[in-house]
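Participant: Take a look at the letters that make up each chain.
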Amino acid sequence: MTQTEIIARLQSIFDDVFLDPPTLHPALTAKEVDEWDSLLHISLLLAVEKEFAIRFRVGEVEATSNIGEFADLIEVRSTEK
Amino acid sequence: MDKQTLKALLLRRDEGFWDALREITRSATEFDELFFLSMLRKRALEAGMVPPEPLEPSRIALLGGYSLYPLNELLLHLLAVENISAEIHKGDYDNYVSEMSEADGGLAEFAPRVICLLPSPHRCRHTGPLNDPEEIVRTEAEQVAAHLLDLCRVAHDQFGSEIILGNFPLPARQDPGPFRSRSLATDWNFRKWVNLQLGLRAPAFVHPCDIEFLSARRGGIHSEDSRGWFESKQPGSPGLLVDIAREIAHQVQGLRVPPKKVLALDLDNTLWGGVIGDDGLEGIEIGDTSPRGEAFKAFQRHILTLKQRGVILAACSKNDHARAIEPFEKHPEMLLRLDDFVSFQANWEPKSDNLRRIAAELNLGLDSFVFADDNPAEIEIVRQFAPEVTTLLLGPDPADYPGQLQDGRWFDIRSLTAEDSQRTEQYRAEAARRSHQADGADMGSYLESLQMEATVSSFTAIDVPRLSQLINKSNQFNLTTRRRTEAEVESLIGNPEAVTLAVRLSDRFGEHGLISIVIGRQHGDTLDIDTWLMSCRVLKREVEQVVLNELARQAADRGCQTLRGTYLPTPKNEMVREFYPTMGFQPDASSGDAGVFVLPLNSFVPKPTQIHILSTQS
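Same order as they appear, the protein sequences are chains A and F. Residues 6 to 86 in this note's numbering are what the first sequence spells out, letter by letter. Residues 50 to 667 in this note's numbering are what the second sequence spells out, letter by letter.
The hints are simulated quantities; they were obtained by calculation from the structure and are not laboratory data. Incorrect hints may have been included.
Capping the alpha-carbon separation at 30 Å, the derived lysine-lysine pairs in BS3-like fashion look like this [stated by the list, open to error]:
{"id": "1", "chain 1": "F", "residue 1": "K241", "chain 2": "A", "residue 2": "K36"}
{"id": "2", "chain 1": "F", "residue 1": "K310", "chain 2": "F", "residue 2": "K241"}
{"id": "3", "chain 1": "A", "residue 1": "K36", "chain 2": "F", "residue 2": "K91"}
{"id": "4", "chain 1": "F", "residue 1": "K522", "chain 2": "A", "residue 2": "K55"}
{"id": "5", "chain 1": "F", "residue 1": "K282", "chain 2": "F", "residue 2": "K356"}
{"id": "6", "chain 1": "F", "residue 1": "K522", "chain 2": "F", "residue 2": "K356"}
{"id": "7", "chain 1": "F", "residue 1": "K310", "chain 2": "A", "residue 2": "K55"}
{"id": "8", "chain 1": "F", "residue 1": "K379", "chain 2": "A", "residue 2": "K55"}
{"id": "9", "chain 1": "F", "residue 1": "K356", "chain 2": "A", "residue 2": "K36"}
{"id": "10", "chain 1": "A", "residue 1": "K36", "chain 2": "F", "residue 2": "K282"}
{"id": "11", "chain 1": "F", "residue 1": "K589", "chain 2": "A", "residue 2": "K55"}
{"id": "12", "chain 1": "F", "residue 1": "K282", "chain 2": "F", "residue 2": "K310"}
{"id": "13", "chain 1": "F", "residue 1": "K522", "chain 2": "F", "residue 2": "K310"}
{"id": "14", "chain 1": "F", "residue 1": "K309", "chain 2": "F", "residue 2": "K282"}
{"id": "15", "chain 1": "F", "residue 1": "K91", "chain 2": "F", "residue 2": "K379"}
So the derived list for chain A, only partly shown, Cβ under 10 Å to chain F, looks like this [as the list claims (entries may be wrong)]:
{"id": "16", "residue": "P27"}
{"id": "17", "residue": "L33"}
{"id": "18", "residue": "K36"}
{"id": "19", "residue": "D39"}
{"id": "20", "residue": "D42"}
{"id": "21", "residue": "H46"}
{"id": "22", "residue": "I59"}
{"id": "23", "residue": "R60"}
{"id": "24", "residue": "F61"}
{"id": "25", "residue": "G64"}
{"id": "26", "residue": "V66"}
{"id": "27", "residue": "T69"}
Just so you know, even glycine gets a beta-carbon here, dropped at the ideal spot from N, CA and C.
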């Protein structure tokens, strides 16, 4: 999967989870989105883990700084199985 | 109802959204489900939709050895759908000792009605070696419990709050092996001991939130979440958060609303397998001779337990009264007996009317009733016409009935008095003093809401086994109780003198299948109704009217002037004694037999009905 493909799949998850979904692009950060708090963050991670059938390791999502890096992490976790 | 339907209701700004939201929220067990629902609720509020009932405010302080976010959001949502608008004060991570002891801190200012304290197990362990003397370890465990309960007492005294106190989940891994059970110093036994103390020593203002139980029910390894702990100090897995939030919400509600008082029960396929009116005393399934019979017996045992705890029992059944009481009086395997019920309504009136009658007899509000039935249509009529009643749709498996009733948590006990176990007697006396007429329900709109569709056809070869089975089984709504073999049924097909009707019914809850049969024989200008029977499951659904309309139409097409019907009484068909007169037939003076009735067709006007006829063939 390319980063673009992953971001497209992420977009549909975000559309379900956010009241007012942001339009995703690689440089987007959580800070830029008002609604993106920790309740939403947990829900988002659960939805992403379900959608991609992966499990993130402790601390690594926090270490990503924007949507592009987050998509790359999903790619790494998806291909390691 | 699923989530997408709910979303559609929201997009249409449909007022039905709120009821649907409550319904789905009540059954949601996973974090992402509940989160989605919470989000839809926020969207609805943002869009200016207003919940139909005003919210009652409540002030809750959520404290503990965890991060209490997002637990507070889940709690907020669960309470909101139950019409409680909670203001939640979220304590700092692991700062509960000072928060609860300070007389003039933030908590005093917030003035919580309820404090919910969730201590973390990280401080609930024996720090010494596993082989420390039991006496020392026990004292240590009891001090952990005593310290928490003291803290609750201090907070209760200074803030006047009720306290919901979480206990400790047990470890999910078997460490250190078999020795785990032998020493009180292992985490497993130490926490169990502390939990026991917390429960046994809790004063009345402390309401235990049994997290040990919640995590065991979900499964230890599905309740633990070490990643969630390291990343954001979560009490457990997202699923466990849902369980904890739900338990707290249940207890907060329990502080406002008393538990239910009355359990009203259907009979057929609820207390025994089968239909007493059709299957008879020998045919119903109850007792230890079959697995199904055992399951129904176990359900009766559970109901008796509830009665001993003070729950009032009532029967509410569509049945012939004399037939309905038979199992209670004569069946040796029945655990429930007639005198276990304070009110026993077995008749053919709508169940919503019967429940009102019971409530009036007992002088209790319908909102203190739980009604359990295996039939979705009966549950629906009660929901529509006695909406204050809490309903439980039992099934499909009777083995699950006790669990379904327990999961409702309607008869929770907080304390037990001697008076509770005598409640049945008190209410029976009350019932004897009163007698009331219940309100009539609007049957027309109920029937309309069922969206019934009927198919009426002549007998076909492929239907012969089913036709013959119903002809030989049906007892109650059966005018002549004439039995026929498959060969005899088959001989009617294509017989020019015979009029045969096979009626199928469906409604929005599903198919009822073949439910009514008529066999007529033409003699000159008269159509003789040899057989007219119907399954009692569809009584009072206006199926009779549909059948009569169709019979009259076919008879008229054949050039008949008259329909002639006969009632042959049996011990089981009392309910149709007055059937022909009710349908507009006159006694047939010429026959000299009181059971023969005629209907002149020239003046017949088709009966109105709410059933949509899908197709008729003749």
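Participant: All hints are to be evaluated individually against the structure, with a verdict given for each.
Facilitator: Each hint tested on the structure:
With a C-alpha separation of about 43 Å, the suggested pair F:K241 and A:K36 falls outside the 30 Å cut-off, and the hint is violated. Proximity of F:K310 to F:K241 is assessed by CA-CA distance (about 33 Å); at most 30 Å being required, the pair is judged violated. A C-alpha spacing of about 21 Å is found between A:K36 and F:K91, which places the hinted pair at or below 30 Å, so the restraint holds. Between F:K522 and A:K55 the CA atoms are separated by roughly 52 Å; this puts the pair beyond 30 Å, and the hint is violated.
For the proposed pair F:K282 and F:K356, the alpha carbon gap of about 44 Å is over 30 Å, so the pair is violated. Between the alpha carbons of F:K522 and F:K356 the distance comes to roughly 36 Å, so the proposed pair goes past 30 Å and is violated. Between F:K310 and A:K55 the CA atoms are separated by roughly 43 Å; this puts the pair beyond 30 Å, and the hint is violated. With a C-alpha separation of about 56 Å, the suggested pair F:K379 and A:K55 falls outside the 30 Å cut-off, and the hint is violated.
Taking the CA atoms of F:K356 and A:K36, the gap is near 57 Å; set against the 30 Å cutoff, the hint is violated. For the hint linking A:K36 to F:K282, the alpha-carbon distance of about 21 Å falls within 30 Å, and the restraint holds. Taken as a hint, the F:K589 and A:K55 pair is broken in the structure, with Cα atoms around 49 Å apart against an allowance of 30 Å. Restraint check for F:K282 and F:K310: the C-alpha separation of about 41 Å exceeds 30 Å, so the hint is violated.
About 39 Å separates the Cα atoms of F:K522 and F:K310, which puts this hinted pair outside 30 Å; it is violated. Among the hinted pairs, F:K309 with F:K282 is inconsistent with the structure: their alpha-carbon atoms are about 38 Å apart, more than 30 Å. Distance hint between F:K91 and F:K379 is unfulfilled; the C-alpha atoms sit about 57 Å from each other, more than 30 Å. At a threshold of 10 Å, the smallest CB-CB gap from A:P27 to chain F is about 15 Å, leaving the interface hint violated.
A distance limit of 10 Å between C-beta atoms decides the matter here; for A:L33 the minimum to chain F is near 20 Å, and the interface restraint is violated. With a cut of 10 Å, the hint placing A:K36 at the interface with chain F is violated, because the nearest CB-to-CB distance is about 17 Å. With its C-beta approaching chain F no nearer than about 13 Å, A:D39 sits outside the 10 Å limit, and its interface hint is violated. The criterion of a C-beta within 10 Å of any C-beta in chain F is met by A:D42, whose closest approach is roughly 8 Å, and the hint holds.
Hint on A:H46 holds. Least Cβ distance to chain F is approximately 9 Å, under the 10 Å limit. Annotation: A:I59 was flagged as interfacial toward chain F, and the flag is violated, the nearest CB pair being 13 Å apart, outside 10 Å. For A:R60, the interface hint holds, since its Cβ comes within 10 Å of a Cβ in chain F; the closest pair sits about 8 Å apart. For A:F61, the interface hint holds, since its Cβ comes within 10 Å of a Cβ in chain F; the closest pair sits about 8 Å apart.
At about 6 Å, the closest approach between the beta carbon of A:G64 and any beta carbon in chain F falls short of 10 Å, and the interface hint on this residue holds. Among the interface hints, the one on A:V66 holds; its C-beta lies about 8 Å from the nearest C-beta in chain F, closer than the 10 Å criterion. The beta carbon of A:T69 comes no nearer than 13 Å to any beta carbon in chain F, farther than 10 Å, and the hint placing it at the interface is violated.
Hint violations for this structure: numbers 1, 2, 4, 5, 6, 7, 8, 9, 11, 12, 13, 14, 15, 16, 17, 18, 19, 22 and 27, all remaining hints satisfied.
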